[in-house]
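Enquirer: Each chain, letter by letter, is given below.
Number of protein chains: 2
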Amino acid sequence: MRHFIIIAGLLCLTVKADEGMWVYTNLPKAHLKSAYGFEPTPEWTEHLMKSSVRFPQGSGSFISANGLVLTNHHVAMDYLHKISTASRNIAEDGFLATSQAAEIPITDLELNQLESIEDVTKQVEGSVRAGMTTDEATAARRSTIALIEKESKDQTKLLSQVVTLYQGGQYHLYRYKVYKDVRLVFAPEFRIAFFGGDPDNFEFPRYNLDMTVVRAYENGKPAAIKHYLKWSTEGAKADELVFVSGHPGKTNRLYTVDALRFMRDVRIKYVLDLLRRREIALLLYGSTGAEAKRHSQDELFAIQNSRKVYLGQLKGLQSNEIFAQKQSEELELRAQVAADENLRHLGDAWSEVSKAQKAHNKILVKRGLLEQMHAFNSQYFMMARTLVRLADEKQKPNGDRLFEYQDGGREVLESTLFSPAPIYEDLEVAKLSESLSLLAETYGYNHPLVQKVLNGKDPQTVAEQAVAGTKLGSVAIRKLLAGSSPAELRQSHDPFIQMALAVEKQARSVRAQYDAIVETELQAYSRISQALFAVKGTSVYPDATFTLRLAYGSVKGYRTGGADVAPMTTLGGAFDHEKAHGAVDPWLLPESWHKAKANLDLTVPFNFVSTADIIGGNSGSPVVNRDGELVGLIFDGNIQSLTSSYVYDDDVSRSVSVHSAGIMEVLKNVYHAADLVKELGQ
Amino acid sequence: MRHFIIIAGLLCLTVKADEGMWVYTNLPKAHLKSAYGFEPTPEWTEHLMKSSVRFPQGSGSFISANGLVLTNHHVAMDYLHKISTASRNIAEDGFLATSQAAEIPITDLELNQLESIEDVTKQVEGSVRAGMTTDEATAARRSTIALIEKESKDQTKLLSQVVTLYQGGQYHLYRYKVYKDVRLVFAPEFRIAFFGGDPDNFEFPRYNLDMTVVRAYENGKPAAIKHYLKWSTEGAKADELVFVSGHPGKTNRLYTVDALRFMRDVRIKYVLDLLRRREIALLLYGSTGAEAKRHSQDELFAIQNSRKVYLGQLKGLQSNEIFAQKQSEELELRAQVAADENLRHLGDAWSEVSKAQKAHNKILVKRGLLEQMHAFNSQYFMMARTLVRLADEKQKPNGDRLFEYQDGGREVLESTLFSPAPIYEDLEVAKLSESLSLLAETYGYNHPLVQKVLNGKDPQTVAEQAVAGTKLGSVAIRKLLAGSSPAELRQSHDPFIQMALAVEKQARSVRAQYDAIVETELQAYSRISQALFAVKGTSVYPDATFTLRLAYGSVKGYRTGGADVAPMTTLGGAFDHEKAHGAVDPWLLPESWHKAKANLDLTVPFNFVSTADIIGGNSGSPVVNRDGELVGLIFDGNIQSLTSSYVYDDDVSRSVSVHSAGIMEVLKNVYHAADLVKELGQ
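In order, the protein sequence lines correspond to chains G and V.
Counting from 1, position 454 in the first sequence corresponds to residue 454 in the numbering used here; the numbering is continuous, with no gaps.
Counting from 1, position 351 in the second sequence corresponds to residue 351 in the numbering used here; the numbering is continuous, with no gaps.
Think of the hints as simulated: they come from the structure by calculation, not from any bench.
Nothing here was measured: the structure is a model prediction, and the numbers come from that model.
Heads up, a few of these hints could be off.
No more than 30 Å apart at the CA atoms, straight line, and that leaves these computed lysine-lysine pairs for DSS-like [what the hints assert, rightly or not]:
(1) G:K315 with V:K505
(2) G:K505 with V:K269
(3) G:K362 with V:K358
(4) G:K452 with V:K82
(5) V:K505 with G:K355
(6) V:K505 with G:K366
(7) V:K595 with G:K355
(8) G:K308 with V:K293
(9) V:K269 with G:K269
(10) V:K82 with G:K269
(11) V:K668 with G:K366
(12) G:K269 with V:K457
(13) V:K82 with G:K579
(14) G:K471 with V:K315
(15) V:K366 with G:K355
(16) V:K505 with G:K452
(17) V:K457 with G:K250
(18) G:K362 with V:K293
(19) G:K457 with V:K457
(20) G:K358 with V:K362
(21) V:K358 with G:K308
(22) G:K308 with V:K308
(23) V:K366 with G:K362
(24) V:K366 with G:K358
(25) V:K457 with G:K452
(26) G:K362 with V:K269
(27) G:K366 with V:K293
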């Protein structure tokens with residue numbers, strides 16, 4: 001039987017080895033020493049932290065003194081598409097810069113490198129006065145956070161973000177150096193980056209060269225980097241201790257039993273239905289021609305990836321196994337809380353969560369369609385929404401604004417809104433018409449809101465006319481509109497501005513309801529956290545928040561379906577795997593690999609698994625050994641790891657990496673990337 | 001603007017030309033004479049009727065004195081898969097019998113050929129006594145129908161089915177000769193049968209050789225056929241009058257405005273969500289290997305086809321256009337009814353329909369999941385359901401049984417239940433686990449019914465264990481169980497029998513509710529029909545019922561998106577179309593075509609469109625000219641025809657056919673099918 005260890009499982013006497021996504025300021029030093037005989041020094045820790053890089057939706061690391069950054073092909077793919085054209089398909093065919101001058105500037109890509117972490121819990125909580133209502137307390141915290149971020153930014157010029165940890169138990173200020181000039185150095189062919197495609201995604205054994213190398217520039221020159229990871233020639237070895245330094249996006253390991261039920265029975269179903277709609281719509285669109293396929297491919301893979309994640313989660317949750325464990329742990333903690341008069345005031349936190357789930361259930365669909373724009377799946381609409389809100393929000397004091405319109409997020413907002421990246425009009429029509437149909441299907445075509453948006457026409461016609469009529473394709477127009485007053489904006493005849501205005505009132509209303517629910521939940525989980533702290537002490541890691549974390553574990557296989565799965569695959573295995581699947585797409589290796597086969601050492605390791613505790617957002621994270629050398633590159637988890645959003649299990653759940661020796665072997669003998677190899681010291 | 005003409009549109013003074021799926025006993029002779037100067041003789045009519053053939057899910061026609069039958073590749077595809085193996089993929093690679101002895105017997109395929117039509121309205125209605133409740137009247141009609149069918153079968157040995165026409169306005173007894181020994185003569189490669197695949201499906205211009213030729217046998221010898229269609233060498237010509245003789249499945253042209261709304265806002269959404277789930281599940285399953293793909297392909301295409309149909313319907317219905325027209329016609333008829341004291345008693349029929357829609361709305365999901373088995377998508381489950389019901393139903397008098405268990409349907413039931421066709425266990429697991437998850441997602445995992453079925457396990461595990469544990473794969477076991485008493489059956493430990501029993505009570509209960517709703521609707525539409533008859537006379541065609549109908553129209557192009565679409569494509573166009581799409585799947589012509597290209601007359605017509613009024617079920621129908629010669633083979637409608645379930649429109653809606661000259665050209669010069677060509681008199 002699979003044995004699930006969860007954060008509430010810290011109530012158990014024994015903590016399962018290798019669990020946790022640890023904050024750099026609170027590493028599990030005692031455990032690392034006792035279990036692995038390893039003691040991270042402050043220098044080791046600072047070096048690894050500063051070598052780590054955050055991508056907009058993933059992780060990476062500096063790997064040379066001249067600004068080389070390693071990440072996954074799938075983390076960079078969105079950007080590879082943006083710099084691809086019909087005649088030069090970099091996302092599909094790969095790229096190797098023949099010289100530094102030939103490196104291609106990447107539209108929109110910004111990298112963050114963490115410089116410091118500061119605990120600002122006292123300042124944030126200090127702004128809450130006795131007698132304040134919950135709403136007032138929230139507003140006070142938000143306003144203080146906005147102030148702290150602004151002051152830090154003004155003083156240090158660094159990107160400054162306050163992060164809520166432990167469900168409000170702590171607030172940390174993270175300061176990042178931002179690199180805005182990033183250029184492409186190397187990407188392999190899509191076929192080998194995503195060898196096995198959707199069917200092999202989240203499976204192991206695997207054979208993927210899921211890597212891309214970019215270079216950070218400053219003032220038009222390669223950035224001079226002090227902290228970067230040394231490349232390990234040998235790479236990861238079986239059973240050795242490894243560390244993963246990256247940015248896990250979101251976990252929910254404190255979820256109550258009721259919250260898990262809500263996830264299983266309501267939220268995942270909603271999301272999966274939406275993903276299936278979008279997947280089919282993109283498949284249909286992509287089937288209309290080669291260019292359509294190229295334009296929609298990236299989004300399609302992202303959707304298929306999510307679909308597989310949620311199906312995996314659902315499978316894990318649709319069983320009594322997780323729930324029985326969760327339930328007994330929850331009952332035990334609640335009994336301890338009830339028995340301790342100092343904790344008794346925390347006792348209704350669980351029912352507060354349940355109440356919040358019920359309230360969320362009522363607005364889930366409305367929020368999805370209107371506020372999350374599931375009924376308006378369009379880049380133009382997203383821009384229109386931003387412009388409409390910006391006009392209103394900028395009238396308010398910084399602390400009163402919706403958080404994404406506060407000064408701290410201004411740069412991100414503007415770089416998105418003013419991005420010169422191409423918008424594919426046919427794709428916009430396909431996505432918008434499909435999602436407008438969802439609106440009509442959900443509320444009924446005759447519903448006043450639907451009629452307000454569609455005005456008696458069919459979704460396809462409305463989408464075609466809106467896309468044909470909008471001026472939002474022009475960055476200059478968007479900049480102009482971003483300067484508008486609310487009154488000016490309301491006079492715009494742009495069909496997307498009109499569409500955004502048509503649902504703005506309802507969208508804002510459901511947003512406000514949702515924010516209140518989230519705040520209630522946050523307060524309740526904060527109290528559950530307090531109960532846990534009181535019972536188990538503070539040697540606990542916080543849920544993931546897309547901030548830098550350190551995970552650790554062993555390179556180790558696992559047993560499933562009655563068979564042992566070895567921890568490593570080899571380059572030769574990729575050729576065998578291709579053959580076993582008849583060498584048809586998506587199991588077709590690139591020509592470059594076939595040509596190079598005779599020159600390759602086929603016994604070199606290619607991919608490997610470890611027990612390190614990771615989740616989405618960790619993609620592109622470096623895997624390092626005790627000496628801080630790069631031995632691998634995280635790119636996936638196995639299918640058994642998909643419930644790790646809620647629970648950790650080191651029995652069969654594994655993270656999947658590309659091996660540093662495999663990368664080097666193919667850089668040398670498939671891609672003949674002599675300059676790159678040399679810069680990596682090999 | 002598109003001009004919709006609908007059955008309620010018969011209220012208009014002018015009937016649009018070419019509308020209607022006419023019963024052979026009530027052809028629109030006056031209109032044919034005035035519009036086309038054509039008068040069908042009794043001989044012409046009988047010959048065409050008796051040359052027509054019904055397939056289990058489509059249409060066909062006799063084309064030689066020795067039993068040759070022409071239909072679509074996609075109508076036969078299910079059967080082509082059944083006779084395919086891993087080493088001989090007939091469904092994919094095609095087949096040509098080198099001699100009569102080489103013709104391959106096709107598992108499970110039975111053909112029906114209509115021998116006679118008899119009006120039995122008086123007998124059926126005569127069984128209804130004054131003072132009976134609606135339920136009693138329904139039971140009386142059903143019981144009489146069952147009796148008529150049984151007596152006819154006993155007397156004539158012909159398959160005898162009573163069909164309800166005009167929503168209960170008439171009852172006709174159809175008698176069919178059944179051919180049970182059917183063998184494959186010719187099928188082209190899947191690539192050319194379905195050239196352009198899902199993207200081109202329902203589009204025009206088209207280039208599909210969507211044909212298959214089988215032969216009916218009697219007593220081990222080719223059946224001697226008196227009525228068969230002569231092959232037209234020249235084939236269909238632009239603007240000529242053509243007839244389509246086939247089996248349109250179902251239309252709903254009497255639907256009230258409320259019924260159309262219910263369709264648009266509720267039913268189509270439910271069906272599309274289900275189809276998307278199944279499409280993705282089959283895509284995932286098919287991606288696991290070549291055999292998995294082969295086993296699931298047929299079902300996948302059927303689902304994609306349905307998905308495209310419903311998306312097309314939805315698009316047509318999500319607009320005020322159809323509704324404005326429908327609404328004004330409905331108001332006009334209701335005003336006439338209200339103004340006429342002889343009709344006034346029919347006036348509440350529309351609100352009866354609305355009430356029925358509301359009642360249907362309440363049980364739609366429950367009926368779908370439990371009675372329609374959407375939560376148990378498995379052949380094993382379907383067999384278990386049949387066995388469980390059979391045990392109970394056979395205890396009852398014939399007339400009291402659920403209709404599919406009455407004696408008239410016994411042969412169909414048994415040929416399905418005892419079919420020796422292979423069942424693919426992995427596919428069963430994939431489909432069942434996905435649908436059990438739907439059950440859990442819909443009701444919530446902890447719902448008593450879900451727990452009864454899943455018993456605390458996850459859907460995947462339940463599906464795996466059920467498929468591994470069942471004995472229903474054996475025809476002998478199924479025959480044994482079919483002889484069981486209800487008590488014996490309840491003692492079976494077979495996991496599928498247990499699963500079917502677990503939901504039987506709820507399924508039967510919702511079935512009874514649904515049957516009552518259908519009966520109410522039928523009564524209401526019957527009254528609306530009466531009102532129509534009273535106002536417009538009886539020169540109206542009934543909604544489609546998968547019985548033989550005659551449609552007619554002209555070979556004629558149309559105008560869409562500001563451009564004219566010519567009525568015909570050529571063989572050469574197929575090669576151009578392949579090139580325009582980069583010669584990648586699904587736009588890849590078979591090798592045989594590339595090899596033969598130089599010998600082909602590329603100017604020969606390949607596909608063509610006509611205004612004949614058809615719908616799903618017409619696939620495989622012969623298209624004949626005034627002389628009763630076969631000039632084409634129906635295989636599709638264009639995308640604009642997808643709302644023809646509800647309305648007919650001869651402006652842009654078209655049926656799509658393969659051209660008889662194109663077929664002959666490739667039979668001769670691509671497939672070198674000399675014997676077949678000779679047998680067709682060419």
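Enquirer: Confirm or reject each hint.
Expert: Against the structure, the hints:
About 28 Å separates the Cα atoms of K315 (chain G) and K505 (chain V), which keeps this hinted pair within 30 Å; it holds. Among the hinted pairs, K505 (chain G) with K269 (chain V) is consistent with the structure: their alpha-carbon atoms are about 27 Å apart, no more than 30 Å. This hinted pair checks out: K362 (chain G) and K358 (chain V) have alpha carbons roughly 23 Å apart, not beyond 30 Å. Of the supplied pair hints, the one linking K452 (chain G) and K82 (chain V) is violated, its CA atoms being roughly 51 Å apart against a limit of 30 Å.
A C-alpha spacing of about 34 Å is found between K505 (chain V) and K355 (chain G), which places the hinted pair above 30 Å, so the restraint is violated. Of the supplied pair hints, the one linking K505 (chain V) and K366 (chain G) is violated, its CA atoms being roughly 35 Å apart against a limit of 30 Å. Restraint check: the Cα-Cα separation between K595 (chain V) and K355 (chain G) comes to about 70 Å, which exceeds 30 Å; the hinted pair is violated. Restraint check: the Cα-Cα separation between K308 (chain G) and K293 (chain V) comes to about 19 Å, which is no more than 30 Å; the hinted pair holds.
Taking the CA atoms of K269 (chain V) and K269 (chain G), the gap is about 15 Å. The hint holds against a cut of 30 Å. Taking the CA atoms of K82 (chain V) and K269 (chain G), the gap is about 35 Å. The hint is violated against a cut of 30 Å. With a C-alpha separation of about 61 Å, the suggested pairing of K668 (chain V) with K366 (chain G) is violated against the 30 Å cut-off. Distance check on the hinted pair: K269 (chain G) and K457 (chain V) sit about 18 Å apart at the alpha-carbon level, within 30 Å; holds.
Note on K82 (chain V) and K579 (chain G): the hinted pairing holds, with a Cα-Cα distance of about 28 Å set against a maximum of 30 Å. With a C-alpha separation of about 27 Å, the suggested pair K471 (chain G) and K315 (chain V) falls inside the 30 Å cut-off, and the hint holds. Annotation: proposed proximity of K366 (chain V) to K355 (chain G) holds, straight-line Cα distance about 28 Å (limit 30 Å). A threshold of 30 Å between alpha carbons decides the hint, and for K505 (chain V) with K452 (chain G) the separation of about 45 Å lies outside it, so the pair is violated.
For the suggested pair K457 (chain V) and K250 (chain G), the alpha carbons sit about 27 Å apart, so the restraint of at most 30 Å is met. Straight-line distance between C-alpha atoms of K362 (chain G) and K293 (chain V) comes to about 41 Å, which puts the hinted pair past the 30 Å bound. For a cut-off of 30 Å, the pair hint linking K457 (chain G) to K457 (chain V) is broken: about 47 Å separates their Cα positions. Simply put, K358 (chain G) and K362 (chain V) have alpha-carbon atoms about 23 Å apart, close enough for the 30 Å limit, and the pair holds.
Taken as a hint, the K358 (chain V) and K308 (chain G) pair is broken in the structure, with Cα atoms around 37 Å apart against an allowance of 30 Å. As the CA atoms of K308 (chain G) and K308 (chain V) are separated by approximately 24 Å, the hinted pair is consistent with the 30 Å bound. Note on K366 (chain V) and K362 (chain G): the hinted pairing holds, with a Cα-Cα distance of about 22 Å set against a maximum of 30 Å. For the proposed pair K366 (chain V) and K358 (chain G), the alpha carbon gap of about 23 Å is at most 30 Å, so the pair holds.
Distance hint between K457 (chain V) and K452 (chain G) is unfulfilled; the C-alpha atoms sit about 46 Å from each other, more than 30 Å. Under the criterion of a C-alpha separation no larger than 30 Å, the hint pairing K362 (chain G) with K269 (chain V) is consistent with the structure, at around 21 Å. Restraint check for K366 (chain G) and K293 (chain V): the C-alpha separation of about 38 Å exceeds 30 Å, so the hint is violated.
Checked against the numbered hints given earlier, this structure breaks hints 4, 5, 6, 7, 10, 11, 16, 18, 19, 21, 25, 27; the rest are met.
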